[in-house]
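There are 2 protein chains.
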Amino acid sequence: MGEFDLIATYFKRPVRQAVLGVGDDCALLQPTPGTQLAISSDMLVEGRHFLSTVSPERLGHKALAVNLSDLAACGATPRAFTLALALPRVDAAWLAGFSKGLLALADAHGCELIGGDTTQGPLNICITVLGDVPVMNGKSQALLRSGAQVGDDIYVSGNLGDARLALEVFRGHQQVPASVFEQARLRMEQPTPRVALGQALRGIASAAIDVSDGFLGDLLHVLQASQVGARIDTDIATNLIAVRAGSTWASAGFDPKMDDARALRWVLAGGDDYELVFTAAAADRDQVAQAAAQSATVVTRVGTIEAAPGIRLMDGHGKSVSGHFPSFDHFQS
Amino acid sequence: MGEFDLIATYFKRPVRQAVLGVGDDCALLQPTPGTQLAISSDMLVEGRHFLSTVSPERLGHKALAVNLSDLAACGATPRAFTLALALPRVDAAWLAGFSKGLLALADAHGCELIGGDTTQGPLNICITVLGDVPVMNGKSQALLRSGAQVGDDIYVSGNLGDARLALEVFRGHQQVPASVFEQARLRMEQPTPRVALGQALRGIASAAIDVSDGFLGDLLHVLQASQVGARIDTDIATNLIAVRAGSTWASAGFDPKMDDARALRWVLAGGDDYELVFTAAAADRDQVAQAAAQSATVVTRVGTIEAAPGIRLMDGHGKSVSGHFPSFDHFQS
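Just so you know, the protein sequences line up as chains A and B, in that order. Here our numbering is used: position 92 in the first sequence is 92, and no number is missing along the way. Here our numbering is used: position 27 in the second sequence is 27, and no number is missing along the way.
The shape of chain A in the complex, shown without the other chains (with noise of 0.2 Å):
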């Protein structure tokens, strides 16, 4: 199979919002009056983005949802994408099953295959996605890095440290049960990305990021792009690992004592999670829990903006807590 019969099979199918799809040298778009064009570009790679070990099917999606994720911290609607692939043979199972959990994903979320490339390589996944952010009286909708205040809160939306634990598990470092395994391997293969929440925090956050190198990280290109600092709650934040909840985690083999520093440094540093970061007045406490309940995306708020720049993470007895957290580097992990 050639590379214009695979882009037929796998990846062509009827235009429906676009004025013209994949099939031309460009794909046309007719822009929405009222809105500016969000843009975004992530690269996988495998071994860096993804392991070996990952179903075609969950990579497809993965592939599609960091970019999506990209969208939901800038508080756009998604509306098309590009995919370029490169593949060292073709292997129809392969792309059977990664279009598949491609289009599904795109299928959810209205965001439309317009265009791309294919080519014989070593296996590289490059999506850009393309979203829409209202302007109203001239002003852009977009949540931006760089509009948290001093004494704005802190949330975070659904969980942290679950993908970094299936890592570890990867990597032979730790031990669970399959059925923590299971849950956790699923949050790193197949993230969701938190689109109806970004959309519904428009107005609402002073900042947004998502988080895909580590917690901290992510906050901090907040921080500084706002020239604040923050300090966050160790013991909310060691609860916000979802295999922890319940019995989980003591049937899951930890001893509650003696793997609170090791949960905390998943949460706190993992990466992969593909959760929101984001800032938002005191006073505007109600909105955010109308937007979490409207986007049914669980919330929690971990910590406070303050002046002095830096992140101060502190127990819930105002204790401070101290604690190697490196953030996760394309270039340097």
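Think of the hints as simulated: they come from the structure by calculation, not from any bench. Predicted, not measured: the structure shown is a model, and the values here were computed from it. Among the hints, erroneous ones may be present.
[What the hints assert, rightly or not] The following label-pair restraints were derived from C-beta to C-beta distances:
#1 Q287/A with A296/B: 56 to 64 Å
#2 D286/B with S146/A: 51 to 59 Å
#3 D5/A with A104/B: 34 to 42 Å
#4 G34/A with A178/B: 54 to 62 Å
#5 D5/A with A293/B: 39 to 47 Å
#6 G138/A with P309/B: 51 to 59 Å
#7 A108/A with K139/B: 31 to 39 Å
[Stated by the list, open to error] Computed list of chain B residues with no C-beta within reach of chain A, every gap over 12 Å:
#8 E57
#9 A93
#10 A108
#11 R171
#12 H173
#13 Q174
#14 G203
#15 R231
#16 T300
#17 D315
#18 H317
[Stated by the list, open to error] Below, simulated DSSO-like cross-link-like pairs (lysine-lysine); rule was C-alpha separation at most 30 Å, straight line:
#19 K12/B with K100/B
#20 K100/A with K12/A
#21 K12/B with K139/A
#22 K12/A with K139/B
Don't be surprised by glycine CBs; every beta carbon is placed ideally from N, CA and C.
Position chain B against the provided structure of chain A, taking the given hints into account.
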């Protein structure tokens, strides 16, 4: 140097056109009133799209050029692009050269780098370009592949075949004097996207495509999309190879009689030319000439659109020419 320093050092520049550029979750672009957005992605892999011998500066140029060529084939005005880059390691000299060549071409076309991704992995360059296409009286001015009509002239811009000649020299299949090689090599490593010509042809050309895989193969996409066929004059085509001009051919050691067939093969199926192939009504020859003059681009009339499917090659005397001209396929060649 980590990922964020790398971006800041080599790729982050003050935002000009875009509302928001490199450094947030998404870039923001304000659509131009009365236009549609043209979008295209191209991925470049070493050994497939460039050789390891290419200078980083020329590679930076080429990576954007092949994408701008898609906008040109659509008649779009370049606006912005994203760059996703997988690098085996952070190499300052390579990055300095690559970004220099990339951004010089971007500046020449007013096409702004607004975002992207960098990661560690086998060298892979993925660019997505965005351009504007005017909509006039509700009709998109985009040049599509599907508009060729029986009786239309077929044109090609610039020269064809020189990139392939250079590749054959690199492969050791051909020997030419150094000056000829340098001329051909420049065409292979630093192609000129025909952006101004594409824009000038809006409202004149009935169909267009850029030549990346090879003239015949790419023309065939136009013919299939338009449900027509074509006749090509091989005497004219043979002369499209630039290094054939004047006395160069003989001085390069080519025997005019013996090597015509080889030249024709490079012209018709060489690939990597990034010229425009387009069709226009015979009544519009003056308008085509004006568009060519206005964009300072040579165009050559090489054939005619016919009703019968497929491509017929004929010499200047109307005699049928046969030969095997496989087009480049990134999974088959």
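When you look at the beta carbon of R231/B, is every beta carbon of chain A farther off than 12 Å?
Fine: 24 Å to the nearest Cβ keeps R231/B off the interface.
Taking the shortest Cβ-to-Cβ distance between R171/B and chain A, state whether it exceeds 12 Å.
R171/B clear of chain A: closest Cβ-Cβ about 18 Å, beyond 12 Å.
Range agreement (Cβ of S146/A with Cβ of D286/B, hint 51 to 59 Å):
Since D286/B and S146/A have Cβ atoms about 54 Å apart, the given range 51 to 59 Å holds.
Against chain A, does Q174/B keep a CB gap of more than 12 Å to every residue?
holds, 24 Å
When you look at the beta carbon of G203/B, is every beta carbon of chain A farther off than 12 Å?
For G203/B, whose nearest Cβ neighbour in chain A is about 16 Å away, the distance exceeds 12 Å, so it holds.
Is it true that the CA of K12/B sits at most 30 Å from the CA of K139/A?
holds, 24 Å
Determine whether the Cβ-Cβ distance between D5/A and A104/B falls within the hinted range of 34 to 42 Å.
holds, 37 Å
Verdict on A93/B as a residue remote from chain A, using beta-carbon distances over 12 Å
Correct as stated: the minimum Cβ-Cβ distance to chain A is 16 Å, above 12 Å.
For the hint 39 to 47 Å, verify it against the beta carbon of D5/A and that of A293/B.
holds, 41 Å
Could you tell me whether the CB distance from G138/A to P309/B stays inside 51 to 59 Å?
holds, 54 Å
Status of the stated non-contact between H317/B and chain A (beta carbon gap over 12 Å):
holds, 35 Å
Could you see if the CB distance from Q287/A to A296/B stays within 56 to 64 Å?
holds, 57 Å
When the structure is compared with the earlier hints, no violation turns up for any of them.
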